[in-house]
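Peer 1: Since the structure of chain A is already known, use the hints to place chain B on it.
Protein chains in written order, with this note's numbering: chain A, 1 to 113; chain B, 1001 to 1113.
Hints listed in this document are in silico derivations from the structure and should not be mistaken for laboratory results. Glycine included, every Cβ here is placed at the ideal spot set by N, Cα and C. Errors might be hidden in some of the hints.
Unchecked claim - Simulated pairs of lysine-lysine, DSS-like, Cα-Cα distance not exceeding 27 Å:
no., chain 1, residue 1, chain 2, residue 2
1, A, K67, A, K42
2, A, K42, B, K1013
3, B, K1001, A, K56
What the hints assert, rightly or not - Residues on chain B that point at chain A, a partial pick, calculated with CB under 10 Å:
no., residue
4, R1015
5, V1019
6, S1033
7, Q1037
8, F1064
9, L1088
10, T1101
11, Q1102
12, Y1103
13, G1105
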Amino acid sequence: QKEVEQNSGPLSVPEGAIASLNCTYSDRGSQSFFWYRQYSGKSPELIMSIYSNGDKEDGRFTAQLNKASQYVSLLIRDSQPSDSATYLCAVNRSRGSQGNLIFGKGTKLSVKP
Amino acid sequence: KAGVTQTPRYLIKTRGQQVTLSCSPISGHRSVSWYQQTPGQGLQFLFEYFSETQRNKGNFPGRFSGRQFSNSRSEMNVSTLELGDSALYLCASSTSTRVDTQYFGPGTRLTVL
Chain A
1 QKEVEQNSGP LSVPEGAIAS LNCTYSDRGS QSFFWYRQYS GKSPELIMSI YSNGDKEDGR
61 FTAQLNKASQ YVSLLIRDSQ PSDSATYLCA VNRSRGSQGN LIFGKGTKLS VKP
Chain B
1001 KAGVTQTPRY LIKTRGQQVT LSCSPISGHR SVSWYQQTPG QGLQFLFEYF SETQRNKGNF
1061 PGRFSGRQFS NSRSEMNVST LELGDSALYL CASSTSTRVD TQYFGPGTRL TVL
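This is chain A alone, in the form it adopts within the complex (with noise of 0.2 Å):
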């Protein structure tokens, strides 16, 4: 089982539609998750960060997170196309030190006129 799994996309959406981006971890002590956008030939951009199980809502975009299913949620409401990127979702180890974060290998979001 790999430690932080995405699905890999495409994700096609309908500008104004709602995307909703999905992973998954195995480590059963992580603390923290966060989700970061990466334009293409860009660098990642942390976008959200989320700790305690439930919604965390950030202007049009919420995160959602439970622990006993070990899942991660993003949801992008009224998207944009302005919003087409990957989004990584990130996950800390529970073991050793806290700057060691775990990706996923990104969810690619096509957001059409």
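Peer 2: Same frame as chain A, but now just chain B:
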């Protein structure tokens, strides 16, 4: 506040050469982590430095090394370059109290011929 800076942005080297990459973290950030990103493997953790000490190391050969200076700037070195070392090398910085919340620099694109 200025973001993470990395130099150089692009490098072309030949097999067997060595290379040194530099990273300056966000002002006030004392933790620096390095990652390698390739299309096949995604983002993989190389090492993390805090207060000039390597706290964690990923599963990379000894040809990959790094260090951190007293001003928190960090360098990584790759010796005896191989074709497979071609990748985007990313540096991320974080505060001492939240080392898992990482902000990436623009990266150094290394091509090994």
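Peer 1: Compare the structure with the hints numbered earlier in the document and write down the numbers of the violated ones, lowest to highest.
Peer 2: 1, 4, 5, 8
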